[in-house]
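**Student:** Residues per chain are reported as follows:
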Amino acid sequence: MLAQLLVSGVAQGALYALVALAMTVIYRATTVINFGHGDLVMAGAFLVYLLVVLAGAPFLLSASLAVVLLFALGVAVYKGLIRPIMAGPHLALAMMAVAVGYALRGLARLVWGREVLPFPKVLPQGTFMVGPVILAPSDLIVTGAVIATVAILAVVFYATPLGKTAQAVFQSERGAALVGINVSAFQSTMWGIGAAMAALGGILIAPVTLLYPDLAAATLIRAFAAMTLGGFGSFLGAAVGGILLGLSELLVGAYISSKLIDITAYLIIIGVLLIRPSGLFGRQTIVRV
Amino acid sequence: MRTSRVVMAAALAMIWTLPAIAQDRTGVTDTTIKIGIPAPLTGPAASFGAAAYGIQAYYTHINEKGGIHGRKIEIIMGDHACNEAKGVAVAKKLISQDQVFLLNGGICSGVALAMRPVIEESGVPWVVSTAVNQKISSPIAKNIFHASQTSEVAGQSFAKFMLSKEGAKKIGIIAHTNEWSKGYRDPMVEFLKTKGIAPTVEVTLERGQSDATAQVLRLKEASVDFVVAILYEPEIVVFLRDAQKLGLNTLKYGALGADFMNTEKPMKGFYQAFQYKDLIDGPGMKKAREMIEPRLPPGEKLTDFSFYGPGSSVAIVHVLEKIGRDLTREKFIAEMDKLTNFDTGVMAGTLTFSPTQRQGATQLYTVGYDDAGKLSVYESWGKKVSF
Numbered sequence: 001m002l003a004q005l006l007v008s009g010v011a012q013g014a015l016y017a018l019v020a021l022a023m024t025v026i027y028r029a030t031t032v033i034n035f036g037h038g039d040l041v042m043a044g045a046f047l048v049y050l051l052v053v054l055a056g057a058p059f060l061l062s063a064s065l066a067v068v069l070l071f072a073l074g075v076a077v078y079k080g081l082i083r084p085i086m087a088g089p090h091l092a093l094a095m096m097a098v099a100v101g102y103a104l105r106g107l108a109r110l111v112w113g114r115e116v117l118p119f120p121k122v123l124p125q126g127t128f129m130v131g132p133v134i135l136a137p138s139d140l141i142v143t144g145a146v147i148a149t150v151a152i153l154a155v156v157f158y159a160t161p162l163g164k165t166a167q168a169v170f171q172s173e174r175g176a177a178l179v180g181i182n183v184s185a186f187q188s189t190m191w192g193i194g195a196a197m198a199a200l201g202g203i204l205i206a207p208v209t210l211l212y213p214d215l216a217a218a219t220l221i222r223a224f225a226a227m228t229l230g231g232f233g234s235f236l237g238a239a240v241g242g243i244l245l246g247l248s249e250l251l252v253g254a255y256i257s258s259k260l261i262d263i264t265a266y267l268i269i270i271g272v273l274l275i276r277p278s279g280l281f282g283r284q285t286i287v288r289v
Numbered sequence: 290m291r292t293s294r295v296v297m298a299a300a301l302a303m304i305w306t307l308p309a310i311a312q313d314r315t316g317v318t319d320t321t322i323k324i325g326i327p328a329p330l331t332g333p334a335a336s337f338g339a340a341a342y343g344i345q346a347y348y349t350h351i352n353e354k355g356g357i358h359g360r361k362i363e364i365i366m367g368d369h370a371c372n373e374a375k376g377v378a379v380a381k382k383l384i385s386q387d388q389v390f391l392l393n394g395g396i397c398s399g400v401a402l403a404m405r406p407v408i409e410e411s412g413v414p415w416v417v418s419t420a421v422n423q424k425i426s427s428p429i430a431k432n433i434f435h436a437s438q439t440s441e442v443a444g445q446s447f448a449k450f451m452l453s454k455e456g457a458k459k460i461g462i463i464a465h466t467n468e469w470s471k472g473y474r475d476p477m478v479e480f481l482k483t484k485g486i487a488p489t490v491e492v493t494l495e496r497g498q499s500d501a502t503a504q505v506l507r508l509k510e511a512s513v514d515f516v517v518a519i520l521y522e523p524e525i526v527v528f529l530r531d532a533q534k535l536g537l538n539t540l541k542y543g544a545l546g547a548d549f550m551n552t553e554k555p556m557k558g559f560y561q562a563f564q565y566k567d568l569i570d571g572p573g574m575k576k577a578r579e580m581i582e583p584r585l586p587p588g589e590k591l592t593d594f595s596f597y598g599p600g601s602s603v604a605i606v607h608v609l610e611k612i613g614r615d616l617t618r619e620k621f622i623a624e625m626d627k628l629t630n631f632d633t634g635v636m637a638g639t640l641t642f643s644p645t646q647r648q649g650a651t652q653l654y655t656v657g658y659d660d661a662g663k664l665s666v667y668e669s670w671g672k673k674v675s676f
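Residue numbers (our numbering), protein chains in the order written: chain A, 1 to 289; chain B, 290 to 676.
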């Protein structure tokens, strides 16, 4: 049982990590935690459903289109709703993100709200054994997607001029602007990338459950817990945090009580904020005066 | 002396006319009978609103046939979005502002429970169409009739079906921790206790969880004969997916939480509580389907839930027809109390009400695949319902 729990915990945690990574991209660019991100994940899944089931498009084309459309949505949300209030209090930005999320959820309910839809079986089906452990192809696909995403983000953010730009903007928007960085263009692109990653998350989550407007609401808090555990702003932290959360949930559920699975994320948030607020890989900010 | 005779005559006149004054005809005109349908038409439980549209379709069918004794049914929908506060507001609006003759609805149990005090106090007859919590109609209220199978009946039915399989003794449960789940789980466990059986293992899968590995492994370890999954639709899918993946091959029984058309295909060894007479595309439901499907609102698709309300409406129309033109709320209540073994043509079993029995639906069937892979409706293990 332990081996199965560990393997399944990693696979489940990879789902949380995928969502947490996307939220980290947006956070790194704008210091905004997008509390509406779960609904972007849902929007991505519904878009693919629309294209595959209603328009009859092939899955890969539909998924690609959904990623592109969510990218555009992310840019539009930033330019239309976030940028105008960037100079205001952070709480306003958080509330705007929540509002956008609820608006997307409401739109989905308006169109499909009374239906719980079976998502097309787009991932390979069946299972296979590796020793005593049972694996599904979706486990490998999601975990592989997380590893690939972390690797790409690491290369982009630490080894390219774009990464230098990101670090500059994260540390000081004004300073970055003074040295000629188009901060607004950079931030809108990052929102687009974050939203596109949300679409990817939706495409991988929806096939394993049913599709409904509240699909990703529970995943959001887990992604937030992953970011907290791993350290805000750290891609590696988001990935490791997500996987550790997935493992914790399954081990707690199997060996202590399944009633505690739902609150594991909250307990982790509380514990991390009390013991090590910067998380496993986050850096404590020191301000010299 | 003359004065006292006048007083006596006036008193007698009052006594004779008081019964007429006491007869409440609110919501009835020469040409219409107003029926209020409180329902979740929006919000997270909006998929259950299909039951309200099924009720509406049935009443439309009745109106097309000429109505009831020359009166058409005027339907007034009240959207409560499965929110308790909104439900109370909707009930008050339908009663006081719209002045309906009766209420036919009640789809989210929590909301129905919240509405009960308002409705009971008003005296407006309420025929509960769908909600399952037995506390909606217990203790008995003069004006409340519960026309859907309660969770108590359902929980006992789960247990009866499982125990009807020879040798089935070890039962596992996977459930939410909410009131809805407890409403099924508690009566089922109570019934099992009367047979000397306690659940072998109980695990929790909360709403929104997308993985059931830990729960499935614990159930597998317990080697149960049956697993009862008291879960809503998305979570049943998660459970069945992980059960199939991890080789939990034991028999499984699902509660009334899912639209079977979305959940069941194809799962040998998975049975689900079934509240209808027959499969919705089966011969036993042909008449109901013909009445309801063509009259659903534009854009509304026929689902299992479309039939999860009209059974109560069939009973209402039957009673209204029996009463005749001189329609009052008091007569409606009195006639409903005489309903005995009434076949709605939609629901499993029949409806029986009396002044001391207000939970009228006491039978639930089970649906599952037979050995030939054909979806079938069962009364008990191996015994199919016949028509």
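Since the hints were made in silico from the structure, they are not lab data.
Wrong hints could be hidden among the right ones.
[What the hints assert, rightly or not] The list that follows gives simulated cross-link-like pairs (lysine-lysine, BS3-like), each with its CA atoms no further than 30 Å apart: (1) Lys259/A / Lys354/B; (2) Lys459/B / Lys471/B; (3) Lys259/A / Lys590/B; (4) Lys509/B / Lys259/A; (5) Lys509/B / Lys361/B; (6) Lys449/B / Lys259/A; (7) Lys259/A / Lys458/B; (8) Lys354/B / Lys375/B; (9) Lys121/A / Lys509/B; (10) Lys482/B / Lys323/B; (11) Lys534/B / Lys121/A; (12) Lys482/B / Lys471/B; (13) Lys449/B / Lys590/B; (14) Lys323/B / Lys121/A; (15) Lys484/B / Lys259/A; (16) Lys323/B / Lys259/A; (17) Lys354/B / Lys576/B; (18) Lys484/B / Lys471/B; (19) Lys620/B / Lys259/A; (20) Lys381/B / Lys458/B; (21) Lys259/A / Lys471/B; (22) Lys361/B / Lys620/B; (23) Lys663/B / Lys121/A.
[What the hints assert, rightly or not] To give an idea of the interface, some chain A residues facing chain B are shown, with a C-beta separation under 8 Å as derived from the structure: (24) Ser64; (25) Ala72; (26) Gly131; (27) Tyr212; (28) Ala217; (29) Ile261.
[What the hints assert, rightly or not] Simulated restraints, written as ranges between beta carbons of each label pair: (30) Lys431/B / Tyr266/A: 41 to 47 Å; (31) Leu107/A / Pro428/B: 53 to 59 Å; (32) Ile263/A / Asp475/B: 50 to 56 Å; (33) Ser184/A / Met556/B: 48 to 54 Å; (34) Lys381/B / Pro137/A: 52 to 58 Å; (35) Gly106/A / Lys381/B: 22 to 28 Å; (36) Thr639/B / Leu267/A: 48 to 54 Å; (37) Leu664/B / Arg83/A: 36 to 42 Å; (38) Ala92/A / Gln386/B: 37 to 43 Å; (39) His90/A / Asn467/B: 56 to 62 Å; (40) Leu260/A / Lys431/B: 55 to 61 Å.
Nothing here was measured: the structure is a model prediction, and the numbers come from that model.
We treat Cβ as the ideally placed atom computed from N, Cα and C, and that holds for glycine.
**Student:** Next, verify each hint and record whether it holds.
**Tutor:** Okay, the hints, checked on the actual structure:
Pair hint lysine 259/A plus lysine 354/B does not hold up; C-alpha atoms about 53 Å apart against a cutoff of 30 Å. The suggested pairing of lysine 459/B with lysine 471/B holds, with an alpha-carbon distance near 20 Å, which does not exceed 30 Å. Annotation: proposed proximity of lysine 259/A to lysine 590/B is violated, straight-line Cα distance about 36 Å (limit 30 Å). Using a Cα cut-off of 30 Å, the hinted pair lysine 509/B and lysine 259/A holds, with the two alpha carbons roughly 18 Å apart.
Taking the CA atoms of lysine 509/B and lysine 361/B, the gap is near 56 Å; set against the 30 Å cutoff, the hint is violated. The hinted pair formed by lysine 449/B and lysine 259/A meets the criterion: a straight-line CA distance of about 27 Å does not exceed 30 Å. Restraint check for lysine 259/A and lysine 458/B: satisfied, since their Cα atoms lie roughly 25 Å apart, inside the 30 Å limit. A threshold of 30 Å between alpha carbons decides the hint, and for lysine 354/B with lysine 375/B the separation of about 34 Å lies outside it, so the pair is violated.
As the CA atoms of lysine 121/A and lysine 509/B are separated by approximately 26 Å, the hinted pair is consistent with the 30 Å bound. Note on lysine 482/B and lysine 323/B: the hinted pairing is violated, with a Cα-Cα distance of about 46 Å set against a maximum of 30 Å. Under the criterion of a C-alpha separation no larger than 30 Å, the hint pairing lysine 534/B with lysine 121/A is consistent with the structure, at around 15 Å. Between lysine 482/B and lysine 471/B the alpha-carbon distance is near 16 Å, which keeps this suggested pair within the 30 Å criterion.
At most 30 Å may separate the alpha-carbon atoms for a hinted pair to count; lysine 449/B and lysine 590/B exceed this at roughly 33 Å. For the proposed pair lysine 323/B and lysine 121/A, the alpha carbon gap of about 46 Å is over 30 Å, so the pair is violated. Taking the CA atoms of lysine 484/B and lysine 259/A, the gap is near 28 Å; set against the 30 Å cutoff, the hint holds. Between the alpha carbons of lysine 323/B and lysine 259/A the distance comes to roughly 46 Å, so the proposed pair goes past 30 Å and is violated.
This hinted pair checks out: lysine 354/B and lysine 576/B have alpha carbons roughly 15 Å apart, not beyond 30 Å. Note on lysine 484/B and lysine 471/B: the hinted pairing holds, with a Cα-Cα distance of about 20 Å set against a maximum of 30 Å. Between the alpha carbons of lysine 620/B and lysine 259/A the distance comes to roughly 50 Å, so the proposed pair goes past 30 Å and is violated. Between lysine 381/B and lysine 458/B the CA atoms are separated by roughly 48 Å; this puts the pair beyond 30 Å, and the hint is violated.
For the hint linking lysine 259/A to lysine 471/B, the alpha-carbon distance of about 14 Å falls within 30 Å, and the restraint holds. With a C-alpha separation of about 19 Å, the suggested pairing of lysine 361/B with lysine 620/B holds against the 30 Å cut-off. Of the pairs offered as hints, the one joining lysine 663/B and lysine 121/A holds, with about 23 Å between alpha carbons and a cut-off of 30 Å not exceeded. A hinted interface residue such as serine 64/A counts as satisfied when its beta carbon comes closer than 8 Å to some beta carbon of chain B; here the least separation is about 24 Å, so the hint is violated.
Checking alanine 72/A against chain B: minimum C-beta separation of about 27 Å lies over 8 Å; hint violated. Of the supplied interface hints, the one on glycine 131/A is violated, with its beta-carbon coming no nearer than about 15 Å to a beta-carbon of chain B, more than 8 Å. Because the smallest distance between the Cβ of tyrosine 212/A and any Cβ of chain B comes to about 6 Å, under 8 Å, the interface hint for this residue holds. Interface restraint check for alanine 217/A: the shortest CB-CB distance to chain B comes to about 6 Å, inside 8 Å, so the restraint holds.
Annotation: isoleucine 261/A was flagged as interfacial toward chain B, and the flag holds, the nearest CB pair being 7 Å apart, inside 8 Å. Distance hint check: the CB atoms of lysine 431/B and tyrosine 266/A are about 46 Å apart, consistent with the given range 41 to 47 Å. One distance hint, 53 to 59 Å for the beta-carbon pair leucine 107/A and proline 428/B, is violated here, with the actual separation near 43 Å. For the pair isoleucine 263/A and aspartate 475/B, the supplied restraint of 50 to 56 Å is violated, since their beta-carbon distance comes to about 23 Å.
Checking the proposed 48 to 54 Å range against serine 184/A and methionine 556/B shows it holds: the Cβ atoms sit about 53 Å from each other. Hint check: lysine 381/B to proline 137/A, Cβ distance near 54 Å, so the stated range 52 to 58 Å holds. The hint said 22 to 28 Å for the Cβ distance between glycine 106/A and lysine 381/B, and at roughly 26 Å that hint holds. Remark: the range hint 48 to 54 Å for threonine 639/B to leucine 267/A is upheld by a beta-carbon distance near 51 Å.
Range check, leucine 664/B to arginine 83/A: Cβ separation about 55 Å, and the 36 to 42 Å hint is violated. A C-beta distance of roughly 39 Å is found between alanine 92/A and glutamine 386/B, which places it inside the suggested range of 37 to 43 Å. Judged by the Cβ atoms, the range 56 to 62 Å given for histidine 90/A and asparagine 467/B is violated: they are separated by roughly 34 Å. For leucine 260/A paired with lysine 431/B, a C-beta distance near 45 Å fails the hint of 55 to 61 Å.
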